[in-house]
Amino acid sequence: MNPFFFSRAQDSRRLYGASFGGKSKRAYLLCGGFAGEFEVFRSHLSHLARRLAASGAAVLRFDYLGYGDSDGEFVDASIDTMCEDTLAAIDVLKAKSGARRVGILGLRLGATVATLVAQGRDDIDRLVLWEPIVKPWDDLYAELRQTLSLQTVLFRDIRVTREQIVENVLAGRPSRVDGYDLNVIDDGFPLSAAFVESAKRVDLLERCGGVNARTLVMHVRKRPGPVPKALQQLADRLANGEVTVAIEPSLPWRHEDFYMTHSPKVFDATLAWLDETAEMRIGA
Amino acid sequence: MSAEPVTFASGKNELSGIVELPAVREPDLAILLVHSGARGRLGSSFQYPWFARRFAELGYPSLRFDPHGVGESSGHIDIMPMRDFYGSISVGRFVADTLAGVEELRRRLRPKRIVLFGTCGGAISSLLAAPRSPHVDGLVLLSPPVLIDSAQQSPLERIPAEYARRYLFALYAKKLLSPTAWRRFLTGKSDLGAISTYARAAFKRKSSNGRKKHPRFNDHFLEAVEAMLARQSRLLFVFGEGDALRWDFQKEFYDVYWKNNPDYERLCQVHYVPGCNHLFTLREWQQQALDVALPFIRSI
Chain A
1 MNPFFFSRAQ DSRRLYGASF GGKSKRAYLL CGGFAGEFEV FRSHLSHLAR
51 RLAASGAAVL RFDYLGYGDS DGEFVDASID TMCEDTLAAI DVLKAKSGAR
101 RVGILGLRLG ATVATLVAQG RDDIDRLVLW EPIVKPWDDL YAELRQTLSL
151 QTVLFRDIRV TREQIVENVL AGRPSRVDGY DLNVIDDGFP LSAAFVESAK
201 RVDLLERCGG VNARTLVMHV RKRPGPVPKA LQQLADRLAN GEVTVAIEPS
251 LPWRHEDFYM THSPKVFDAT LAWLDETAEM RIGA
Chain B
1 MSAEPVTFAS GKNELSGIVE LPAVREPDLA ILLVHSGARG RLGSSFQYPW
51 FARRFAELGY PSLRFDPHGV GESSGHIDIM PMRDFYGSIS VGRFVADTLA
101 GVEELRRRLR PKRIVLFGTC GGAISSLLAA PRSPHVDGLV LLSPPVLIDS
151 AQQSPLERIP AEYARRYLFA LYAKKLLSPT AWRRFLTGKS DLGAISTYAR
201 AAFKRKSSNG RKKHPRFNDH FLEAVEAMLA RQSRLLFVFG EGDALRWDFQ
251 KEFYDVYWKN NPDYERLCQV HYVPGCNHLF TLREWQQQAL DVALPFIRSI
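Which chain is which? The protein sequence lines are A and B, in order. Position 153 (the first sequence) corresponds to 153 in our numbering; numbering is contiguous. Position 124 (the second sequence) corresponds to 124 in our numbering; numbering is contiguous.
For the record, the hints were derived by calculation from the structure and aren't laboratory data. Fair warning: there could be bad hints in the mix.
Simulated pairs of lysine-lysine, DSBU-like, Cα-Cα distance not exceeding 35 angstroms [claimed, not checked]:
id, chain 1, residue 1, chain 2, residue 2
1, A, Lys135, A, Lys265
2, B, Lys259, B, Lys112
3, A, Lys135, B, Lys112
4, A, Lys200, B, Lys189
5, B, Lys189, A, Lys229
6, A, Lys25, A, Lys94
7, A, Lys23, A, Lys229
8, B, Lys12, A, Lys25
9, A, Lys135, A, Lys222
10, A, Lys229, A, Lys265
11, A, Lys200, A, Lys94
12, A, Lys222, B, Lys189
13, B, Lys112, A, Lys23
14, A, Lys222, B, Lys112
Keep in mind it's a predicted model, so treat the numbers as computed, not measured.
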């Protein structure tokens, strides 16, 4: 594992990255999820990076702007900046590995970002999308329920509704109550107007048309069950998409009943698919 | 200010971390940000990089790192029930890594004094590691657990009675007069399971045998505090007022060992952050923790 900082295009702020493995024609970029999901799944991605590197691949895991050890604050991040960061990371990975094409493996919002970035590019040959968020705004708006719960614990009441929080964020105003700014999501990550605006613009079902990469959409759940309609539709609309299901004792991007630093079923299925498709060309 | 990625050995594992350096390093004191356990060197809502940058702005260099098997550090942790994992941290899972972090900080920065700073699992790891290193001069412990977590506990046992009473009062007192809340209750839409668990926890019977040590009390916690006091080291405890674990601390540790003990009164401080939860997830709470920690650190 080789940790380092690298620069974003036309920006002095640095991103943190960790590369695994050396020169290789097989190169993979790992994209983390949103906020707390990024924190929890970071161990999983490093575990997978080591497995891929042990098989001879070159791998890069990185922190988005405002995330983890990268420069910036969380409010600096939006889906647009996450896409820019991913593009910068692709260049770094290609330079380090010597590979002409790379695969991108992304979790949740990171999978959404990977899909957006892959549009119209022929140097991204494979995508693995673990539980991609098809409509980020719907998901994030639902996630704001946690900020309501936070208020009931703090104030025994809901002082600012989700609608008011969104309105204030977009207007650049704090949602100030008793010294707290409640423009937060996921228990404490500050929301920015740029993030909300970028999330509202994205609907993967409308924006996956230009993706040529061979793509695996993976639905992860705790018990056997059907694939959600949106993920099936996404796989159907991708030019080279397929969908599968993996079952784990806990959802690996959350701290639930089990502590997990790796996702055996998710990663076994991912590695098997990468092996199966290694020699296949796009469109084959 | 600048940040530099580093790797260092802890036994057979390679740990990954970041050294954060101030532009001007004034005091000869460095801070080891001891991983939060489950979330490694980032902590909840990226609080460890945030703390590190604030410390650097004030002239204090720091090292934050992932313990073995977590984040980017090598090593393996088997999948296990969450509470067993927390329990294993409370009895020393990451103590050797913390000591390796102290040595790495000394090797790189050669500070005269070192303060360990950690939240939850990082706090208990700091406390257990400190007596084993002569180079630790002070501890800032955010939400250290005094009981050992285990998956064998019932939900009822996990909830301190005082916390359950306040929780029920905070959430449900107002709802007693709310027709909507009663409608939800009578139509089975309320979370009856949670209400029942908290109600039973709030009014669970106390032992009739007088004051007995809690069966899950962490003796390592007490031994480590007393060892630090014996060498005149100073400890700052910081809890969120909304954290269930503060009641365990108060009832099982403060009331029994600390209260009326002059050594504790002289060398230990405890501070409660209003409204704050267990992991200090809001920046406002992190700032308040920092405001309390800084005078303490400056006095080391």
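Hints, verified against the model:
Under the criterion of a C-alpha separation no larger than 35 angstroms, the hint pairing Lys135 of chain A with Lys265 of chain A is consistent with the structure, at around 26 angstroms. With a C-alpha separation of about 32 angstroms, the suggested pairing of Lys259 of chain B with Lys112 of chain B holds against the 35 angstroms cut-off. Of the supplied pair hints, the one linking Lys135 of chain A and Lys112 of chain B is violated, its CA atoms being roughly 53 angstroms apart against a limit of 35 angstroms. Of the supplied pair hints, the one linking Lys200 of chain A and Lys189 of chain B holds, its CA atoms being roughly 31 angstroms apart against a limit of 35 angstroms.
Distance restraint check for Lys189 of chain B and Lys229 of chain A: the Cα-Cα separation of roughly 27 angstroms lies within the 35 angstroms cut-off, and the hinted pair is therefore satisfied. Simply put, Lys25 of chain A and Lys94 of chain A have alpha-carbon atoms about 9 angstroms apart, close enough for the 35 angstroms limit, and the pair holds. Of the supplied pair hints, the one linking Lys23 of chain A and Lys229 of chain A is violated, its CA atoms being roughly 40 angstroms apart against a limit of 35 angstroms. For the proposed pair Lys12 of chain B and Lys25 of chain A, the alpha carbon gap of about 31 angstroms is at most 35 angstroms, so the pair holds.
Restraint check: the Cα-Cα separation between Lys135 of chain A and Lys222 of chain A comes to about 22 angstroms, which is no more than 35 angstroms; the hinted pair holds. Straight-line distance between C-alpha atoms of Lys229 of chain A and Lys265 of chain A comes to about 22 angstroms, which keeps the hinted pair within the 35 angstroms bound. Simply put, Lys200 of chain A and Lys94 of chain A have alpha-carbon atoms about 31 angstroms apart, close enough for the 35 angstroms limit, and the pair holds. Between Lys222 of chain A and Lys189 of chain B, the direct Cα distance comes to roughly 24 angstroms. Compliance with the 35 angstroms bound is thereby established for this hinted pair.
The hinted pair formed by Lys112 of chain B and Lys23 of chain A fails the criterion: a straight-line CA distance of about 43 angstroms is larger than 35 angstroms. For the proposed pair Lys222 of chain A and Lys112 of chain B, the alpha carbon gap of about 51 angstroms is over 35 angstroms, so the pair is violated.
Violated hints for the displayed structure, listed by number in ascending order: 3, 7, 13, 14.
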